[in-house]
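Student: Sequence:
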Amino acid sequence: MIARVAGRRSDTIHFATGQVVSQRESPMETLLQDLRFALRGFRRAPAFPLAAITTLALGIGATTAIFSTLNAVLLKPLPYPQAEDLYNIRTMLTDGRVTTGMLSNGEVSRLNGTTSSIVRAAGMQQADLTLLHEDGTPQHVKIYGVTEGFFELFGLPMTLGGFTHQNFVRPAPPRPAAPGAPGAQAPAGPPPAPPVVVISYRVWQDLYRGDPAVVGKPIRFAEVATTIAGVAPRDFDTPHRGDFWFGQQLDKDDINHFFDGFMRLKPGMTLERANAEMAPIMKGLERDFPQADLNRAYVTRPLVASVVGDLGPILIIVMSATGLLLLLGCVNVANLLLARGAARAREMSVRIAIGAPRSRIVRQLLTESVLLSTLGALFGLLLAFVGVRALLALGASKLPRLDAVPFDARVLLFSLVALVISGLLVGFAPALRLAATDVRTLMSESTRSATGGRGTARWLSTMTVIEIALAIILVAGAGWLVRGFASLRTTDLGFTADNRLIFDVAFLGAKYPNPAAVDTASRTLMERLAALPGVTGVGATSNFPFRNNLEGSLIAQFHGETVDPAHPMGTRQRIVSPGYFQATGTKLLQGRDFGPDDRPNTRPVAIINRTFVKRYLAGRDAIGLQFSAGYPAPDSRNEVTVVGVADDVRQKTVRDEAEPAFYSPLSQLPLRRQTMVVATSGSDVGGLQSAIRGQVRQMDPQIAVEFELVRDLVSATLGRQQLGMTLMLIFGASAILLAAVGIYGVTPGAGRHSRQRVRAGDEAGCAARTHRDRDRTWRGLPVGADRGESDLCDPRVRSPDAGRRDRAGGGNYLLRDDDSRVAGLASFAVRSAAHGVMVTTAAGAGGMACLFSADAPSWAAGACDAADVQRLSTTFPGRCRPHSATQPCRRR
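Mapping of the sequence shown onto the working numbering: position 22 corresponds to residue 22, and the numbering continues sequentially without gaps.
Just so you know, these hints were derived from the structure itself, not from any lab.
Note that CB positions come from ideal geometry on N, CA and C, so glycine has one too.
Among the hints, a few may not be true.
[Stated by the list, open to error] Heads up, simulated SDA-like pairs for lysine to any residue below, C-alpha to C-alpha not over 20 Å straight-line:
1. 587 <-> 499
2. 142 <-> 234
3. 283 <-> 255
4. 76 <-> 307
[What the hints assert, rightly or not] Derived CB-CB ranges, DEER-like:
5. 83 <-> 319: 44 to 50 Å
6. 77 <-> 382: 39 to 45 Å
7. 530 <-> 113: 40 to 46 Å
The task is simple: from the sequences and hints, build the whole structure.
Tutor: And the structure:
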């Protein structure tokens, strides 16, 4: 028996009798047959699967990489039990006054035991200390004072030890002397517990090598002697990368707002119910402390949102872009499959004619597409892994929750879903095209051209338009982010970031017994630094911009006026040295700078910023104006005289507008902790840092010096926006590349079809170069130039004797090469001008990519003589090459 397989079915046909014997196979055997058939086809033409797999790998890899990042930041729960019940608490003033947004002791303590929805509430306050290592090397560290129950609130067991109740108990105040016994006092309460700290798991491993007996050991700080009370849980990370915590003793009558609040809700309780129960608590605080809590309200949000900040929305935008990139890749591969299917139209028509059902062929096509998607997903996972590691190496690991990006089950499941969706999208268009076409049409299209008939051409054109549209959307989105980032980078910060470096100093210990000694040491250090080569300015401040230092809010009152309780004058206070404005590049708009005559025993002075003038002075002259400030009410003993007006400085972030603020001279309010600012000439910054460190060590070896460039500080505040912009630029460039590759992969078939049209066009007098223009405009710019611009060489719009003129003397073709290029791009520019510069740029970039990707096949089509095409099309169908070594194509 001689048998053949019809349409890859299991029907065996006997040639002698014509009897058909049905041999039904299992679905698995059919699937294996389809896979073997697809692999054989890929081996015969490796260029197509290579292009398709590369395209899908890029789309799936980029999508998986961004999803893994999104998973690590937003989807992966925080490392605490029932993390969805954890919330961050802040406060706000509903009347618009300036506030730190933090909580007071009373606002934290009254949340415990007074509601039915809150399990526990706790507070955390940041402080600065100088850690002294065993060799005496100082290191500036952040330490956090926490209220009782802080670690218990998060639900993780301590690695070792922990705080006890005594660490949070404030000693009882002395009682007044008994009558008749001058100076006698009743016994005081229990003595305060010695200061202790809890260290992080990271510090335990790095400094103490995981010593299990570390509890009770001393730890040296320049400010205080203390011991280790415990080791925090391994996964504990509140705040981000915090290393030291100490027990904060609470005073319920303390109205200063310096605590960051946290709370845990009871299981099943909603945030709406908790907010409803918290509102009466704040009303009670408003009655008890009207000056501090008037018009104040609690503000709560999930803990994960407070940790992530605006990084989550940025990643969601980028994730949407990667979805479009994956869709573009799928459309690209589907387009390639359509072009390939047009070339296989004869094969498909024969298989249908001899009995293969359409469903069987559709299944074969879907198997091929799923196989391509599977291979693309495998390489895409590898690409995603490498891409994420590169992203972390470039600095993304410094962002919250991006120190580790795991490829867990959720990421693998996402890649599987992307595989299935891409496989269906890739195979949908070819399968639908096949199912909607009858056998006669397939047979006629298989003999008409290399690209099929009009139906296939319409599909190819439609898919090409979709490709270009998706590419333009991605490029426009990238341009939108670039424009937003550029506007942030060019925002006037109020100070100069280039050629400036900062470092913190702390004048501690017996060497500085009083404020006068601190002031003398500060002035001496600044004088030494100013004398160094390459230094152009030196200053000091209490709060340098973008350092995330808390600024207290004060209430101001002009001399002779009273405070309006409904509209109090909220303001910030910053302490700076003489020369600080020059060192930072902040402009003085009016008046003078602080000078050596501003001493503790002279009249207190101040410099106000522009926002203070706009909001509170209402056209009055600022110089000489007197006002007092304090909290919760102005203190007339602190009255100052305005001697200058400085430009606004963005203190928190680049986006936040400046708040009303005034500056006080450091010489009148000496600070033990200061931030030094050094302006340099820009040469040899490394050598200058060594010289500065040497000067500081000569003064006091226990002062820790850690430098930071102001330019890097500003860039760090824009790190999230820069990450999103960089990713969008990469995806935009990838989109243009994919669109160009897809169009290039489709237009060779159009070029082969064009060679068949060369014969008719040449007889009509249309030169080969004009054919290139026509193909480029039609195929390369399907959404650009008008149809009339591409039909100028059509025989129907030419004179009857045009063909004779062209054959005789070459003719004057009406649409030249450069004209086609200009016409297409001009149409792009005109039609997109109404949508702004970004869309115009995106369309122009897409148009250029389409134009040049369509150039090569159009040149190949127009480079052959009509006689060559007519002769060679029968010998070498679908190609243009010499009939023999002695008969090359006649190039024009």
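Student: So which of the earlier hints does this model not fit?
Tutor: Failing hints, ascending: 5, 6, 7.
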